[in-house]
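Residue numbers (this note's numbering), protein chains in the order written: chain A, 37 to 454; chain B, 37 to 454; chain C, 37 to 454; chain D, 37 to 454.
What the hints contain is simulated information worked out from the structure, not anything from laboratory work. Accuracy of the hints is not assured; some may be wrong.
Only pairs whose alpha carbons sit at most 30 Å apart, straight line, appear in this in silico BS3-like list of lysine-lysine [stated by the list, open to error]:
(1) D:324 to A:189
(2) D:90 to C:386
(3) B:72 to C:386
(4) A:155 to A:72
(5) A:189 to C:386
(6) A:72 to D:386
(7) A:386 to C:189
(8) A:155 to A:209
(9) B:189 to D:386
(10) B:155 to B:209
(11) A:386 to B:72
(12) C:155 to C:213
(13) C:72 to C:54
(14) A:324 to B:155
(15) B:72 to B:155
(16) C:386 to D:324
Example chain D residues on the side facing chain A (calculated, C-beta under 8 Å, incomplete) [unchecked claim]:
(17) 74
(18) 76
(19) 177
(20) 275
(21) 317
(22) 339
(23) 342
(24) 350
The C-beta atom is built at its ideal place from N, Cα and C for all residues, glycine as well.
4 protein chains.
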Amino acid sequence: MPEVIFPLDSTKPFTEQKLTGHNRWHPEIPPVATLKRGESYRIDCREWFDGAIKNDDSADDIRDAPLNRVHALSGPFRIEGAEPGDLLIVDILDVGPIPQEEGPLAGQGWGYTGIFAQKNGGSFLVDQFPDAYKAVWDFRGGECTSRHIPGVKFTGMVHPGLMGTAPSSELLKTWNKREGDLIATDPQRVPPLALPPEPDAAILGSLTGADFDRVAGEGARTAPPRENGGNQDIKNFTKGSRVFYPVYVSGANLSMGDLHFSQGDGEITFCGGIEMGGFIDIHVDVIKGGMDTYGVSENAIFMPGRNGPVYSEWLAFSGTSVTLDGEQRYLDSHLSYQRAILHAIDYLAKFGWSKEQAYLLLGAAPIEGRFSGVVDIPNSCATVYLPTEIFDVDIRPSASGPMQVDPGMGAPRAMNPG
Amino acid sequence: MPEVIFPLDSTKPFTEQKLTGHNRWHPEIPPVATLKRGESYRIDCREWFDGAIKNDDSADDIRDAPLNRVHALSGPFRIEGAEPGDLLIVDILDVGPIPQEEGPLAGQGWGYTGIFAQKNGGSFLVDQFPDAYKAVWDFRGGECTSRHIPGVKFTGMVHPGLMGTAPSSELLKTWNKREGDLIATDPQRVPPLALPPEPDAAILGSLTGADFDRVAGEGARTAPPRENGGNQDIKNFTKGSRVFYPVYVSGANLSMGDLHFSQGDGEITFCGGIEMGGFIDIHVDVIKGGMDTYGVSENAIFMPGRNGPVYSEWLAFSGTSVTLDGEQRYLDSHLSYQRAILHAIDYLAKFGWSKEQAYLLLGAAPIEGRFSGVVDIPNSCATVYLPTEIFDVDIRPSASGPMQVDPGMGAPRAMNPG
Amino acid sequence: MPEVIFPLDSTKPFTEQKLTGHNRWHPEIPPVATLKRGESYRIDCREWFDGAIKNDDSADDIRDAPLNRVHALSGPFRIEGAEPGDLLIVDILDVGPIPQEEGPLAGQGWGYTGIFAQKNGGSFLVDQFPDAYKAVWDFRGGECTSRHIPGVKFTGMVHPGLMGTAPSSELLKTWNKREGDLIATDPQRVPPLALPPEPDAAILGSLTGADFDRVAGEGARTAPPRENGGNQDIKNFTKGSRVFYPVYVSGANLSMGDLHFSQGDGEITFCGGIEMGGFIDIHVDVIKGGMDTYGVSENAIFMPGRNGPVYSEWLAFSGTSVTLDGEQRYLDSHLSYQRAILHAIDYLAKFGWSKEQAYLLLGAAPIEGRFSGVVDIPNSCATVYLPTEIFDVDIRPSASGPMQVDPGMGAPRAMNPG
Amino acid sequence: MPEVIFPLDSTKPFTEQKLTGHNRWHPEIPPVATLKRGESYRIDCREWFDGAIKNDDSADDIRDAPLNRVHALSGPFRIEGAEPGDLLIVDILDVGPIPQEEGPLAGQGWGYTGIFAQKNGGSFLVDQFPDAYKAVWDFRGGECTSRHIPGVKFTGMVHPGLMGTAPSSELLKTWNKREGDLIATDPQRVPPLALPPEPDAAILGSLTGADFDRVAGEGARTAPPRENGGNQDIKNFTKGSRVFYPVYVSGANLSMGDLHFSQGDGEITFCGGIEMGGFIDIHVDVIKGGMDTYGVSENAIFMPGRNGPVYSEWLAFSGTSVTLDGEQRYLDSHLSYQRAILHAIDYLAKFGWSKEQAYLLLGAAPIEGRFSGVVDIPNSCATVYLPTEIFDVDIRPSASGPMQVDPGMGAPRAMNPG
């Protein structure tokens, strides 16, 4: 087991740990530790809401989830010898839930998937699913099941939803400018178009006083992925992956968190995948000058690991860029994927699951979401693939019609208003 | 070998064959033959441009490609017993290039990938690649190589780019209305937002006279995928797949064509994948009332085949929804995928290929394009995966920098204007 | 399609074709054609019994199968520039049943699996299955089913059971000596320990007269695999494979045949796999001096292709080296594999198939047979893996017990004596 | 994390733990604990030599390995409700090295592979490799490397080498009789044909006094696999597997141990795979009367997990049943596999590794060993597949010849005599 460079105590809040992480992006957040090239380290990670979500049968915690507090990130870590223009190599040696523990913190043998309510973040299908829902998943070795979604079991594809390097001061300004411009086009929108810097609930490592206040006022939110990697929610960042990040500041200032036990392509429920705390073992190295050498000035490139799970039977759904109201959009793959997902939900509902159960499942299980045709004017085509082997019943279409599952208690729904 | 229900003679144009197919969607195009439930058939398919593209080192044919003439479709086939509301089951038993032939027609041992010029269709990256280019691929068993893109070889994933049932009269009206409305928002756009019905070069099976004229004036173009399936360009419709289509007219009136030897997710160059003629062996059946039973009122659902190719090492690129000009867009996966593809092209260019060669390669090789984060406001994240094993050189990043390939003659570019 | 260097007419016997192949190994059998390094060729292949087995519901033809006549091999082919000490590279570009034909010859849309009778060859489980049985398989695209074994369907893994280079004169003498010595230890055994040279039914290409007689008296039988490759029955020699053969004579004198649509590891029924005629497209090249350079003085080495089928769910059985009579043998993996196979047969019989149906199935379907422990004195352990997805019913053990299939007419059994 | 039903303290010997396991098979060894059907448990496992092998650069410990002391097994566990005739279902939920520890005990971040000397057990290739060698492997997340075998890195396939139920009194007598009969055929053989009951170093749980002495004199050694499962060394018993064991005594009395970080098919070096201590999480259930219902009266059946590693490029070697001295054996797959392995060793030696390094590697890496032809008299054919992606250099044959690796210090060899 590698040296634990960032330890967490599951019984304490994120701000009362031995080392304090952060939840905003800013070049001036001081590194918590230094990593050497060619060395391996273990980094504990807090689940993104710092313990606010409970292992119970209510979705009120999802409805009231403290979005200003996310993401509880471990870091930043200074990498010895990394300078702007380099590529930082991060090998994900291992990643998993909180080891050897059971308890009330997500990651202690369980995790959760939530559908964010329209008034608190919203989700990919916010128009169809405006309310908050939750599903709790129990881990059993490498597999998971949920009392809120009976009839499915699948193997985890554990990965960090978020990892990235610190932005340079210039890059941060660029972010704040362009996102501010977008917000300005519809500032009252619910959910919002983007999240501006927010001093409330900011955590900035060891910063204090005026420095804290200034950085809290400038620091970019961690919700979106950006040039530095960040919250990419790529379900294929599994054990054995090698990721290359552009370096924008001296030391790279690498941070990570938002571990998922599993996630479907898209993290469609927003409070998505199966959220948990845990650990990640990484090995770091640097390709000097690699950004120019390889033409990688932004956004991570990576080589996914060769671990499974391997599924060989899939049922797939397709969608095109026509809205539910029948309006033709021009080559809109985002919309096409929404339509494909809606088709999958409608289909699963024929087997007895509620639509919310189906939606939560598609956010959590290792479904594949693919761009199919992106040029066939005016309709793009997107497809989503469900591994049929995760279902207890045979979900393939046949002349005998869909078998019926017992949906059990269903997925808890939050009472409104919050 | 199943009965050949739709034979083609490679030496004759599409309109001089024993049976005449079609290149528009309309419920009144008469079936060319009837298929029985539970039976298997072979259907020959013409390459989509009916032989207009040559096996040579010029891209002028791509620049001047007769878009009004596409797609040369085999069918429609009436399926005995299929009625509106049913699901039509099509098993793709086998699909391949024109068997046992060599010659000048795409599919006779070779195929092509083109980048459409801005003035003639455009492509996924039309702003960056406004001119026409071409690459010819030679088939060697299940694999292919191109003299225009040295240094790569890959296994085909043969599939029909287009398959679908006929629309009902009402559905056709819906299509024409909604697509017309879109065109009306910017009727002079180049390339256009959508393609309206076009009598020029229409092929409508056995229709003649006034019926021909009327249907030619109403028939929907075959470019986009729609509720009936159609030009979905799903690279995973390979041998062994089972596809379920909604049935909108009595007899279903199934048609197919646009075979690809291989295609990357998205068919990003538009004249994309590796285009060819060939054959497809299908088995048909019907789930009576299946549309309602399974909640599938539109868009095909399918189970992909279990054949390979299997690749275990990938290099992946990510992109987010910020334009090249730095403008922040709101959760635009289409843009994110463009940015990921552009990153891959920039990267490959560091190894010696021209950007056009890289672009053509990504359109043709079995790359995977995935939706990663689709909810992390304001940036969606898309990823594209390249199988590293298709390259003669090691394309993985390392401290030693990119090896250099000899790009050879390069991909032919069309002289302008056409 | 590559040049057809060895054509076969399905309506004529093997000895009345344009070019005559052979069914014995001898360095003096003259090449039928010359292949150039770096070129590709199509070679038609006759099914191994030259049409003696029929598509009917009797196993008498299996009981009386003319073993002296096998294997009907295409070749030998001289490879330009290949000399003793080189490694011959053979790329299997494509391989399949007889293209575009239906008819009474195995390979024309169908193939067969037989259990050889004890008196005519025997099989891996000859003590348990002394009589002759047959199953006919129908090909439907890449998949096959059998009216004699209902309830299963699987994807073919087409491969040549036999391919190899000609032995040198010295090597041939070595073979005849060592195999003769073995036979001499029990010359009356039924089935025999090995097959000596046999002039009866010998086919030796263009040889005639005294040369024919001499070579017929010396030529090694094609049943066993040997240093030159030969009848290795490696089910993984699929499309896309690259095989390296030692070269023992000038020109290498490559031959091939015994195509299988599919085969389980071991070809356990002897008349095994799914036998058929067809074609194979190969590309040849040479590594000069490669035998010494790579330390490959005997037995092919190879890189299997990356095509599927891909299965992800398996049910496996194990066996150890104790005989059915309870005798402990010392680390005998051959016996362990027999015991594992017998366990699988007993298991499948609980679902309603006859034991002969189960045995035929395990010989034909793509089962995996593996060496597990080979050192744990005194018991070796072997395992056999069945892909559960090929069965119509769920064959996994559960508390509800085995579902029952309708075994139909069963596998035809030959009446004795022949 | 499930309840730890069998804890081990890494700092104490196997006989000084809180609960004492065993190293012989006997129905009268008392259960250490009871497991409930439908429940999950964690069981710590000691490496098989109870800490006798060191993380150093000497093989003397392998030469002197205390064979009488193996295997240090955790158990036996009584399963509530299991009775003779039932099938015991064991789900391997998770399995891995000793969690969260580094140290001198195998499993604390490292493991070892040894070649047993002829005088102390011998190995699969004992005639070619009579001396003792060792390689130490360092774990880095899911992957491992060895300072004794530079140039390779691979992903672990962690599995228990040994798991099984207790024999009935009758079954134990059968074992002792048949193995004694075998030993009697050559009692002085080195290495021996089999291992008789051996009171020296016997560990028998809580047994004491006369009971201990009697059971120690009767208890079967744990080296071989037998009807009860036992030391099957099946590398595919990975996380996610479900195994079914016959039950011979009331309560089943399940035991397990001999964890491997990885192993090649066959565990060919005997002190094989990568040996380590660690943990295994299991879930147990019972199919009442399952032995008869499913025809499984002996030897485990199982469904392997769907986790990787996935490799798509392999280099394979074949062998036939002719001895190195040129003697023809009759269908001897054990010999064929030896010859295939020897071919692989000769080949790897051309790249600069010593033959002992190659042999150790093939024992530890996830190579696949398959039965190919088992009926082609007189030669069986066996094949062994090496995943090429585990090597730092390209090991595929080419015209340019083998690249050379630096073999470093090599694998330590023991000085003789011990």
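Distance restraint between residue 90 (chain D) and residue 386 (chain C), which requires alpha-carbon spacing of 30 Å or less: Between residue 90 (chain D) and residue 386 (chain C) the Cα gap is close to 49 Å, so the pair fails against 30 Å, i.e. violated.
Chain A contact restraint on residue 342 (chain D) - CB to CB distance below 8 Å: 5 Å, holds
Straight-line alpha-carbon gap residue 189 (chain B) to residue 386 (chain D), limit 30 Å: 28 Å, holds
Pair hint outcome, residue 386 (chain A) versus residue 72 (chain B) [Cα-Cα no greater than 30 Å]: 29 Å, holds
Satisfaction of hint between residue 386 (chain D) and residue 72 (chain A), Cα-Cα up to 30 Å: Violated - the C-alpha atoms of residue 386 (chain D) and residue 72 (chain A) are around 36 Å apart, more than 30 Å.
Pair hint residue 324 (chain A) and residue 155 (chain B), alpha-carbon separation not exceeding 30 Å: 43 Å, violated
Cut-off 8 Å, beta-carbon criterion: hint that residue 177 (chain D) touches chain A: Result: holds, 3 Å to nearest chain A Cβ.
Pair hint outcome, residue 386 (chain A) versus residue 189 (chain C) [Cα-Cα no greater than 30 Å]: 28 Å, holds
Restraint outcome when residue 74 (chain D) is required to lie within 8 Å of chain A by C-beta distance: 12 Å, violated
Pair hint residue 155 (chain B) and residue 209 (chain B), alpha-carbon separation not exceeding 30 Å: 28 Å, holds
Closest C-beta approach of residue 350 (chain D) to chain A relative to 8 Å, hint status: 13 Å, violated
Restraint check for residue 72 (chain B) with residue 155 (chain B), where alpha carbons must lie at most 30 Å apart: Not satisfied, since the Cα-Cα distance of roughly 44 Å exceeds 30 Å.
Violated hints for the displayed structure, listed by number in ascending order: 2, 3, 4, 6, 14, 15, 17, 22 and 24.
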